[in-house]
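In case you want the letters, here they are:
Protein chains: 2
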Amino acid sequence: MLNALTEDHWAELQNLLPSDRFKPADARYLEEPRGRYHLSSGLVAQPRNTNEVSALVAFCNAQKIGIVPYGGGTGLVGGQVMVKGPAPLILSLEKMNAVRAVYPEENVLVAEAGVILADVQAAAQEVNRLFPLSLAAEGTARIGGNLATNAGGTGVLRYGNTRDLCLGVEAVLPNGEILNGLSRLRKNNTGYDVRHLLIGSEGTLGIITAAALKLSPRPARTGTAMLVVDNPKAALSLLALARDQIGESVSAFELIHKQGIDFLEETLPDVRRPFTVAPQWSVLIEVGLPKAMNPADALETLFETALERGLVSDGIIAQSQAQSDAFWSVREHIPEANRRIGSVSSHDISVPLGALAEFIDTAGHRIDKLGEFRINCFGHVGDGNLHYNVFPMPGRSRADHMNERDEIKRVVHDLVHELGGSVSAEHGVGRLKVDDLERYGDPAKLAAMRAIKTAIDPFGIMNPGAVLRT
Amino acid sequence: MLNALTEDHWAELQNLLPSDRFKPADARYLEEPRGRYHLSSGLVAQPRNTNEVSALVAFCNAQKIGIVPYGGGTGLVGGQVMVKGPAPLILSLEKMNAVRAVYPEENVLVAEAGVILADVQAAAQEVNRLFPLSLAAEGTARIGGNLATNAGGTGVLRYGNTRDLCLGVEAVLPNGEILNGLSRLRKNNTGYDVRHLLIGSEGTLGIITAAALKLSPRPARTGTAMLVVDNPKAALSLLALARDQIGESVSAFELIHKQGIDFLEETLPDVRRPFTVAPQWSVLIEVGLPKAMNPADALETLFETALERGLVSDGIIAQSQAQSDAFWSVREHIPEANRRIGSVSSHDISVPLGALAEFIDTAGHRIDKLGEFRINCFGHVGDGNLHYNVFPMPGRSRADHMNERDEIKRVVHDLVHELGGSVSAEHGVGRLKVDDLERYGDPAKLAAMRAIKTAIDPFGIMNPGAVLRT
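Those protein sequences? They're chains A and B, same order as listed. Note that the UniProt record's numbering has the first sequence beginning at 1, numbered continuously upward. Note that the UniProt record's numbering has the second sequence beginning at 1, numbered continuously upward.
Just so you know, the hints here were simulated from the structure itself, not pulled from any lab data. No residue lacks a Cβ here, since even glycine has one placed at the ideal position from N, Cα and C. One should not assume that every hint holds.
Listed below are several chain B residues computed to face chain A (Cβ distance under 8 Å; list not exhaustive) [said to hold, decoys possible]:
no.: 1; residue: ALA11
no.: 2; residue: ASN15
no.: 3; residue: ALA101
no.: 4; residue: VAL102
no.: 5; residue: ASN161
no.: 6; residue: ARG184
no.: 7; residue: GLY191
no.: 8; residue: VAL423
no.: 9; residue: GLU438
no.: 10; residue: LYS445
no.: 11; residue: ALA448
Straight-line Cα separation of at most 20 Å, EDC-like style, residue types lysine to aspartate or glutamate; simulated pairs [to be verified]:
no.: 12; chain 1: A; residue 1: LYS23; chain 2: A; residue 2: GLU12
no.: 13; chain 1: B; residue 1: LYS291; chain 2: A; residue 2: GLU248
no.: 14; chain 1: B; residue 1: LYS291; chain 2: A; residue 2: ASP20
no.: 15; chain 1: B; residue 1: LYS233; chain 2: A; residue 2: GLU105
no.: 16; chain 1: B; residue 1: LYS291; chain 2: A; residue 2: GLU105
no.: 17; chain 1: B; residue 1: LYS453; chain 2: A; residue 2: ASP262
no.: 18; chain 1: A; residue 1: LYS233; chain 2: B; residue 2: GLU105
no.: 19; chain 1: A; residue 1: LYS291; chain 2: B; residue 2: GLU248
no.: 20; chain 1: A; residue 1: LYS291; chain 2: B; residue 2: GLU300
no.: 21; chain 1: A; residue 1: LYS291; chain 2: B; residue 2: GLU304
no.: 22; chain 1: A; residue 1: LYS291; chain 2: B; residue 2: ASP262
no.: 23; chain 1: B; residue 1: LYS291; chain 2: A; residue 2: GLU304
no.: 24; chain 1: A; residue 1: LYS291; chain 2: B; residue 2: ASP297
no.: 25; chain 1: B; residue 1: LYS291; chain 2: A; residue 2: ASP244
no.: 26; chain 1: B; residue 1: LYS291; chain 2: A; residue 2: GLU300
no.: 27; chain 1: A; residue 1: LYS291; chain 2: B; residue 2: GLU105
Please construct the entire structure, taking both the sequences and the accompanying hints into account.
Right under this line is the structure:
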């Protein structure tokens, strides 16, 4: 059993480290973006270096006090806000925000956990390299949180998830020991991959304090197009064709449904829409090519072949950076439009690519049986990852459907599970999906997870209640 | 403490499963390729399916009998032969050799652990896909062993290590439970990544019985060249240039030293050598391009730019598949030539790319101080992974230097460690490098590994003595 953080502990901590490392939590630490979890108060530590993190963790471990690691606070599953149980220490990494080193010739950058994702991207760009992790919250999210949650985003198709962009981590383990694993090596087979265990463990096995990140060459030339497809199956065939023609250089492939465009029109009319009449389904494709290839030619050839094969019926290839930005603006404003409409239930799911069309069809039918709703289904279709969001009909609000919410969620998640999919493709488990993990997770895997948790964090101080029930 | 496998156990096992699942071990189970570890006898189980593996493991766990998992037996660090301690059960996966399913449209193939690597490659090729793991032992090595050791090879530069080619695993855990993790998903953030913990754990945390493997589109056109470089630093600059010009399509980039060519001439004179006078350093580069690019043009442009920049002084671009095969034949016969010469000490090391040239220089100087030797340093330079092998001078044999062997190893490994490198880049720890892991490994990582091992395998039945000391 954990102990609550008391005034006495607070005083002791201020003897341990300089007092400017501590403060009462202001609002941003006490609530997450979707407002599902909130606290009235809390205490925050802001260590300046790894030794300070180690001292704080060792203290909490000795006193059996919970720790909630805090990065940019942008997580969508409540991993950063602990609302039940004895008061924990909120341990924010935001003052550890140095890019420690950049090795352009190695394509490696070493960043502390508190560096904002956009700043990692900028530091890479300064040396003409690319850090390809890209997601809506990149101006606020911090790389330590991205690693802890194995964040996804639009670059996964080409460059992989966050775990694939990390060569090594430095971390403080629950006993306060520092794991010195900032390897810049591409190959290293010396024992268990503790790095991959920490990545995606959502702060429940230790605190990542710094990471050696993998950079890529910047593609010399990029091109963007919006192409109209008949259905999601055609979108996947189009992606396969694109990869045959262009190889690994397809950087993004995002599916967009008419519903999303309609929501934009309704809530954000200033966002320019590429087609006069919104198509039922369209894809945003981006290619990033080496010097020897011309993006406009490549997209033209792709479009013509796809037209011949009946995979696309219309399309626009961006003729300028402004037009390309306009296409991306559509994609990037859809989540905001969704928020303004207000979903009854939102789902971050993935299914095997071969089951994707079936998922969309069947989910639609099953939800139809529950009542009248509008569905906005969009996302990283090349990864099998869809944001499948269910909205009220015009004139009704999410509040009108609160009773149906759990059933909708269950219907969607059951179907995902039937099809061999995941009920958390890129956002993680946090506190929101602990029940789902228990319901849908493999029992042997869950048992192994619990055994590992107990072995590494015997008192359960690290992010209590996230991922695994306390 | 473990118990030895006795005649009584043997009889009980034959009641548990059909008796044709069991046999006395013949020679191939009792020795590994380099002959460092050998046994006089042993008992082998050959289960046919995952449930049989589960029954065997549960039995051994209940009886506290060690299990040595056995794939193709090609490992180079003694992970497959246990010579100390109570007699274990050798559990061979060779009868579990079905390709369970192929999903060309998903770029996924599900293979049982006992499928030979070359057969995985062939099954992918049948559906016009590529399984890019490629290594010298591919005709004998089995995919379960490749996964257990996170094998490397020549495709890592473009496609990653074996762990990067695996979407999910099915495994039997030490308590006999089956972990059903054959996910075909590209994105799945539901809890700890137990897959990555099992991959590379060398059979010490469980037995991988099947895996969902990631396929790639086959590059439409490939091209090969041998280019002469002044030194390893120039080779790395050449690689950076190639990536700027050609993007991710550089499939292989292998460094070759004159010593290797000389060994070929001495021991395998029939292998055609591309240059009349063997260059001090050369690289074998292969590109695999999409349809829209011409490999000969791409390599020509690369060569010309590199010549202008003083990175290369000579080169040959293969004009036919036969010439390309001849280039690869040089690279692939170097390990055999090495065996025929007989090394005093061989090293599978990696260093950060920026430290590679320094490593080669300094290692040469330090070994010079120990006596007169010939050094053949070659390998996957783009991954920072070198095979750094030390040989006797002509007229002397490895037996003449047995006393110096440990010191040479220590000098090389100490330098690797100083430079932030790894003493086992792609072969693993096995039983050969347990001391090295203890000497050079991060203490916090080692402690975490031991805690995980105890949590998952409390009796220590899985591959006792491999990776971690019993």
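Do the hints match the structure? See the list:
1. ALA11: For ALA11 of chain B, the interface hint is violated, since the closest Cβ of chain A sits about 29 Å away, which is over 8 Å.
2. ASN15: 26 Å, violated
3. ALA101: Since chain A brings no Cβ nearer than about 10 Å to ALA101 of chain B, farther than 8 Å, the hint is violated.
4. VAL102: Violated, about 11 Å.
5. ASN161: 6 Å, holds
6. ARG184: 4 Å, holds
7. GLY191: Holds. Min distance 5 Å.
8. VAL423: The hint holds - VAL423 of chain B has a Cβ within 8 Å of chain A, the shortest such distance being about 7 Å.
9. GLU438: Result: violated, 10 Å to nearest chain A Cβ.
10. LYS445: 5 Å, holds
11. ALA448: This interface hint holds because 5 Å falls under the 8 Å limit.
12. A:LYS23 with A:GLU12: 14 Å, holds
13. B:LYS291 with A:GLU248: Holds, at roughly 12 Å.
14. B:LYS291 with A:ASP20: Between LYS291 of chain B and ASP20 of chain A the Cα gap is close to 60 Å, so the pair fails against 20 Å, i.e. violated.
15. B:LYS233 with A:GLU105: 11 Å, holds
16. B:LYS291 with A:GLU105: Violated, because 29 Å separates the two Cα atoms, which is more than 20 Å.
17. B:LYS453 with A:ASP262: 54 Å, violated
18. A:LYS233 with B:GLU105: 11 Å, holds
19. A:LYS291 with B:GLU248: 12 Å, holds
20. A:LYS291 with B:GLU300: Holds, at about 14 Å.
21. A:LYS291 with B:GLU304: 15 Å, holds
22. A:LYS291 with B:ASP262: 38 Å, violated
23. B:LYS291 with A:GLU304: 15 Å, holds
24. A:LYS291 with B:ASP297: Holds - the C-alpha atoms of ASP297 of chain B and LYS291 of chain A are around 13 Å apart, at most 20 Å.
25. B:LYS291 with A:ASP244: 8 Å, holds
26. B:LYS291 with A:GLU300: Between LYS291 of chain B and GLU300 of chain A the Cα gap is close to 14 Å, so the pair holds against 20 Å.
27. A:LYS291 with B:GLU105: With a Cα-Cα distance of about 29 Å, the restraint between LYS291 of chain A and GLU105 of chain B is violated, given a limit of 20 Å.
The earlier numbered hints that this structure contradicts are 1, 2, 3, 4, 9, 14, 16, 17, 22, 27.
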